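Novice: On the provided structure of chain H, position chain S as indicated by the hints.
Number of protein chains: 2
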Amino acid sequence: MEDKEISQAVISRLPRYFRYLGELKDEGIERVSSQELSDIMRVTASQIRQDLNNFGGFGQQGYGYNVGYLYDEIGKILGLHEEHNLIIVGAGHLGQALVNYMNFERRGFIFRGIFDSDERLHGTQIRGITVRPMREMERFVKDNDIDIAVLTIPKSSAVEVAEQLVSCGIKGLWNFAHVDLQVPDDIQVENVHLSDSLMKLSYNLAPHDR
Amino acid sequence: MEDKEISQAVISRLPRYFRYLGELKDEGIERVSSQELSDIMRVTASQIRQDLNNFGGFGQQGYGYNVGYLYDEIGKILGLHEEHNLIIVGAGHLGQALVNYMNFERRGFIFRGIFDSDERLHGTQIRGITVRPMREMERFVKDNDIDIAVLTIPKSSAVEVAEQLVSCGIKGLWNFAHVDLQVPDDIQVENVHLSDSLMKLSYNLAPHDR
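Chains H and S, in that order, give the protein sequences.
Using our numbering, you'd call the opening residue of the first sequence number 1 and step up by one each time.
Using our numbering, you'd call the opening residue of the second sequence number 211 and step up by one each time.
Treat the hints as calculated values from the structure; they're not laboratory data.
In this text, all values refer to a predicted model and were calculated from it rather than measured experimentally.
Any given hint could be a false lead.
Listed next, the in silico DSS-like pairs over lysine-lysine satisfying Cα-Cα at most 30 Å (straight line) [as the list claims (entries may be wrong)]: (1) Lys155/H to Lys142/H; (2) Lys76/H to Lys365/S; (3) Lys365/S to Lys352/S; (4) Lys155/H to Lys286/S; (5) Lys142/H to Lys76/H; (6) Lys381/S to Lys25/H; (7) Lys286/S to Lys365/S; (8) Lys235/S to Lys155/H; (9) Lys381/S to Lys352/S.
One chain only, chain H, in its complex shape (with noise of 0.2 Å):
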């Protein structure tokens, strides 16, 4: 199956469902229907059911899904069943706390290196992980067959970081500088753009009926 034509919209939704999904396989819950999971994901069961038909479907009429199973395929899906190795530049309070956040290992995502460009930092480590200079970033990514490599430093150096990456090999980025960075189509990028999801909360905080 040919399923490069699914939109980003699907493909947003989807750990969505895989984080339910574990839910109700922690439950022990065996199967559930559409309209079931409809109820607790809060959005329509044709909605689910037209999503993962986009994937080939996975549900039998009168069963529903087999949740052990649609968790398993959803995760294959997202590439979970394969180990990621990343590095993050930028070893601040954030690069420090994706590091320190457990959950990204379990998945499969494991940060091998940290770079930073302050000298103050090269040597020491955050939970086990050495903090390295900028020089060596090119080298570490080749020799250790890093594919994502996360940004977690000011804008103001993103995107020369995010060209020196992808040209030593680098094929997927986790940008949380706060810009947009503008890179060959076969690299991936993924943003998050904090002060834009604050300014969204603000926008509909505000009074608008002006």
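Specialist: Only chain S this time, still in chain H's reference frame:
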């Protein structure tokens, strides 16, 4: 003008307009056409016109947009002309990272208090703000006109804490816990599900021509 019907998709794009206009402004650029804005933002000029028309337009035929004016107006639409009082619940790494991120304060989002259930943290300070016990939270919210609570706590406690916050008058929740919060309709929730974002990146990195 009544603009309650403006879609969340449009609203999601507003912070990005705000960011680009801020950069143009910093560069001393006074006016910009929708075509120029389109080129740097990589969205179509027609989308830009459509988005901004939701709020009354702002553009002038043959002139384009006045950068400073549009920046200010979008800022107002986003509610950034008013200060927001925030508390953060959860003084772990992520909570500390957010408190230390100065850009929020520049936009009028002021952290007034930090709360954590860990006794060892009580009385310690993060950027001059004292970490307080959870039992003081409700009183603090009422006494300090807090409108936004940031949840950087595990999902096991997030649901209960959110209910508590809603009951003492919080209007907005910026939720980093890996759970969907069920709150009354007049409470605004903006989620930052970091794991979901990372899984989406993982999906886009995986080969999908099975």
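Novice: Of the numbered hints stated previously, which ones are contradicted by the structure, given in increasing order?
Specialist: 6, 7
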